[in-house]
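Number of protein chains: 2
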Amino acid sequence: MTKQAEGVAGRAARGRGRRPADEVRADVFRVVGEILLGEGIADLTFERVARLSGVSKTTLYKWWPSKGALALDGYFHAVEETLAFEDTGDIRADLLSQLRAFARVMTATPAGRVVTELIGQSQTDEDLAVAFRSLYSGERRRLAGERLRRAQEQGQIRDDVDVQVLVDQLWGAVYHRLLIPDEPVTDAFVTALVSNLIDGITPPSPTPPSR
Amino acid sequence: MTKQAEGVAGRAARGRGRRPADEVRADVFRVVGEILLGEGIADLTFERVARLSGVSKTTLYKWWPSKGALALDGYFHAVEETLAFEDTGDIRADLLSQLRAFARVMTATPAGRVVTELIGQSQTDEDLAVAFRSLYSGERRRLAGERLRRAQEQGQIRDDVDVQVLVDQLWGAVYHRLLIPDEPVTDAFVTALVSNLIDGITPPSPTPPSR
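If you're matching them up, the sequences are chains A and B in order. All residue numbers in the first sequence are consecutive under the UniProt record's numbering, ending with 211. All residue numbers in the second sequence are consecutive under the UniProt record's numbering, ending with 211.
Certain hints may be false.
One side only, chain A facing chain B, incomplete, derived with CB under 10 Å [claimed, not checked]:
1) G33
2) G54
3) S56
4) L60
5) I119
6) L135
7) D187
8) F189
9) I201
Don't read these hints as lab results, they were simulated from the structure. All values reported here derive from a predicted model rather than from experimental measurement. Ideal placement from N, C-alpha and C gives every residue a C-beta, glycine not left out.
With the sequences and hints as input, model every part of the structure.
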């Protein structure tokens, strides 16, 4: 967006007068999401978000005390729909389509860089680490856990499997390749993540001889 | 180690005169390993390593152009033996014992913090990212791949499984919990990582009725 367009958008937003908090937050999330997915975190500033959303910097700082909190909350909402968990009743198909969407966001938009930089910075910034868990990863874990537990109830995953471990072996495995890129995140990789867990990695037991 | 002890160790080392490069490097690795596993990366300085190993700072900088490179090379050698891959012929047992040793180093020594900080910093420091892959993660991947391929040759892992994906679903899953600590790295977690892959997560197929 050009500076001029930003100015117009900002004025239009301010022109609406006092709006319900939910509407204001939705505007902020939309603006933050557009910046993060379109440009990256370097271009995210309170100044610019205030101008584009028509929300005062004071209000922004009241709701999001740091750039990290603003980025994480905005990012969560920006990808919420793309990363939604379908339930077609087939856990293999549903995991595959969700993980493909996740891999696409991570590799084909600036989101991958945004998230890996936030994870990186959170190793030495405890406030950011807390914001990351409370505004992003904890909620993503909860949503994945819900879908996996439904599969468990439907008898597609064994009862004794801790579904939170699967979160680390699916999405965590993708993060591993994003953070330490020895190997690429490809479609074959995503497919293998799912089938290694659903099929197991050992050879099929020999068929008992028919008598 | 006290400053005084460090001085004595340094003088003793210098007293030996010109030593073979391998021996000098081994001394440096020992010193770097002791600092990283005992204290952490904040206490690692070229100054201190030079004093403790009796190797000149000029030589240190010639071999390791940055603190990151020195830390990664030293850390790789410090944990090489602890993280060695056994081959008892039973891949489940061997993965379990290696992953337990890995989890112990990561959670019970400052190494976990050292490695997560280096991964964190490498998100915005391209030189460190290259050093991380060439001096640490690439080689760890190669060693894990070797052991897993042997299991494949012995018929314990299916031929169509890409063993590099298993690296992400085992060690990568542990790194995920270390870097984004929503959930803890426990022994139950490590055990589940291995059994989810070896047994698969789906219920056993019903036994065909005997006729």
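Structure-based check of each hint:
1. Because the closest C-beta pair between A:G33 and chain B is about 21 Å apart, greater than 10 Å, the hint is violated.
2. Look at A:G54: its Cβ only gets to about 32 Å from chain B, farther than 10 Å, so that hint breaks.
3. The beta carbon of A:S56 is not positioned within 10 Å of any beta carbon in chain B (closest approach about 31 Å), and the interface hint is therefore violated.
4. For A:L60, the shortest C-beta to C-beta distance to chain B is roughly 25 Å, which exceeds 10 Å, and the interface hint is violated.
5. A distance limit of 10 Å between C-beta atoms decides the matter here; for A:I119 the minimum to chain B is near 6 Å, and the interface restraint holds.
6. Interface restraint check for A:L135: the shortest CB-CB distance to chain B comes to about 12 Å, outside 10 Å, so the restraint is violated.
7. Using the Cβ-Cβ criterion of 10 Å, the hint placing A:D187 at the interface with chain B is not satisfied: the shortest such distance is roughly 12 Å.
8. Interface hint status for A:F189: upheld, as the beta-carbon distance to the closest one in chain B is roughly 6 Å, under 10 Å.
9. With a least beta-carbon distance of about 5 Å to chain B, the hint placing A:I201 at the interface is held under the 10 Å criterion.
Consistency note: the structure conflicts with the earlier hints numbered 1, 2, 3, 4, 6, 7.
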